[in-house]
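Position chain B against the provided structure of chain A, taking the given hints into account.
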Amino acid sequence: MVDFSLLGIGMRRQTPAQLATDTWLWTLGGLVLMLFSGLLLFSSDPDMYYLNRAFLIKMVFFVSAVIFHYTVHRKAVSSDTPPSNGKLVACASLVLWAGVIFGGISIGFVNQGLGLS
Amino acid sequence: MLLSFAQWIQFTDFFTALRGSWFVYPIVLSLHMVGIAFFGGMVLMTDMRLLGWSMRKRSISDVVEQFRVPKRYGLLLMVTCGVLMAGAKAEEYYYNVFFRTKLILLALLAVHALVFRRSVYADPAALDRAPAIPGYAKRAAALSLLLWTSIACCGRGIGYIEPPLEKIHAGLHFVTEAALTALNAPRGLEHR
Chain A
268 MVDFSLLGIG MRRQTPAQLA TDTWLWTLGG LVLMLFSGLL LFSSDPDMYY
318 LNRAFLIKMV FFVSAVIFHY TVHRKAVSSD TPPSNGKLVA CASLVLWAGV
368 IFGGISIGFV NQGLGLS
Chain B
2 MLLSFAQWIQ FTDFFTALRG SWFVYPIVLS LHMVGIAFFG GMVLMTDMRL
52 LGWSMRKRSI SDVVEQFRVP KRYGLLLMVT CGVLMAGAKA EEYYYNVFFR
102 TKLILLALLA VHALVFRRSV YADPAALDRA PAIPGYAKRA AALSLLLWTS
152 IACCGRGIGY IEPPLEKIHA GLHFVTEAAL TALNAPRGLE HR
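Protein sequences appear in the order of chains A and B.
Everything in the first sequence is counted per this note's numbering, starting at 268 for the first residue and increasing by one.
Everything in the second sequence is counted per this note's numbering, starting at 2 for the first residue and increasing by one.
For reference, chain A alone in the conformation it holds in the complex (with noise of 0.2 Å):
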């Protein structure tokens, strides 16, 4: 919501400053939910997960994201004006989210896996 608020697509009330104020604590429980799940799930089959291809990007895409995220992107809706690389900001957080969600299905279509051992 705070990057379609940054591209300036729906949401058009709220500056993506206050928007990102109103939601942050949901966010960062979304977050600790998922990091959560996820710990839980690679558990319960290490190896698979390990060697599998889509999971690693999954994980690059999911560690970038939540960098980018603590640190371009809240320094982008820290002020209530708008930034001017705001768009940019809200595109890149965009595509490494989706790049996530892309991973993570792929992870199943995926058999083969990284070549070690």
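Be aware that a few hints might be false.
Claimed, not checked - Calculated cross-link-like contacts (lysine-lysine; reagent style DSS-like; alpha-carbon spacing at most 25 Å):
| no. | chain 1 | residue 1 | chain 2 | residue 2 |
| --- | --- | --- | --- | --- |
| 1 | B | K58 | B | K139 |
| 2 | A | K354 | B | K72 |
| 3 | B | K139 | B | K72 |
| 4 | B | K72 | B | K58 |
| 5 | B | K58 | A | K342 |
| 6 | A | K342 | A | K354 |
As the list claims (entries may be wrong) - Computed spacing ranges between beta-carbons, pair by pair:
| no. | chain 1 | residue 1 | chain 2 | residue 2 | range |
| --- | --- | --- | --- | --- | --- |
| 7 | B | Q8 | A | F309 | 31 to 41 Å |
| 8 | B | V70 | A | V299 | 29 to 39 Å |
| 9 | B | L76 | A | K354 | 18 to 28 Å |
| 10 | A | D314 | B | S120 | 47 to 57 Å |
| 11 | B | Y137 | A | S346 | 34 to 44 Å |
| 12 | A | R279 | B | W9 | 43 to 53 Å |
No lab work stands behind these hints, which were simulated from the structure alone.
Bear in mind that the values here come from a model prediction, so they are computed numbers and not experimental data.
Built from N, CA and C at the ideal position, the CB exists for glycine as well.
This is chain B only, laid out in the frame that chain A set:
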């Protein structure tokens, strides 16, 4: 009859190509998930506002009306992806209990939308004017959350059931063969 419709639709050229390609189905599924992130997030926020648990500084009419249009786009994306996937694997989904439950829940959601349209969604400003969020609005939000979460869980479960189509087909074949043999078998008295 529904089964034969499902069998027919999955063998049309379009859906056979969709099913045969190794990357199209995962992409459609991923887009469906992106739609869940998008649409589901908005449903969550709207319901949280109606329950009074989030974004309390914003008026209800603000939240409901601003999310309305993006929610429709998100729903359109999800339904399109859903139809594409269901068409590609129609017969498998016909036997899949999670898929059937999902369809029932979607029907229930349509009922929910009809029931609460006039009181909650059509005029959110009235909810702002009330001294506290009325009970029916909270019930609408809670029901909506419950139904959508169940749909998401059932949707996840669809992939974990693989109906054994070959056995089902073989079973039906066996039953029809046996029935035809029994019907055409010579009667004992005629063969002397």
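Here is how each hint holds up against the structure:
no.	hint	in the structure
1	B:K58 - B:K139	holds, 17 Å
2	A:K354 - B:K72	holds, 21 Å
3	B:K139 - B:K72	holds, 19 Å
4	B:K72 - B:K58	holds, 21 Å
5	B:K58 - A:K342	holds, 23 Å
6	A:K342 - A:K354	holds, 13 Å
7	B:Q8 - A:F309: 31 to 41 Å	holds, 38 Å
8	B:V70 - A:V299: 29 to 39 Å	holds, 30 Å
9	B:L76 - A:K354: 18 to 28 Å	holds, 25 Å
10	A:D314 - B:S120: 47 to 57 Å	holds, 53 Å
11	B:Y137 - A:S346: 34 to 44 Å	holds, 40 Å
12	A:R279 - B:W9: 43 to 53 Å	holds, 46 Å
Of the hints listed earlier, there is not a single one the structure fails to meet.
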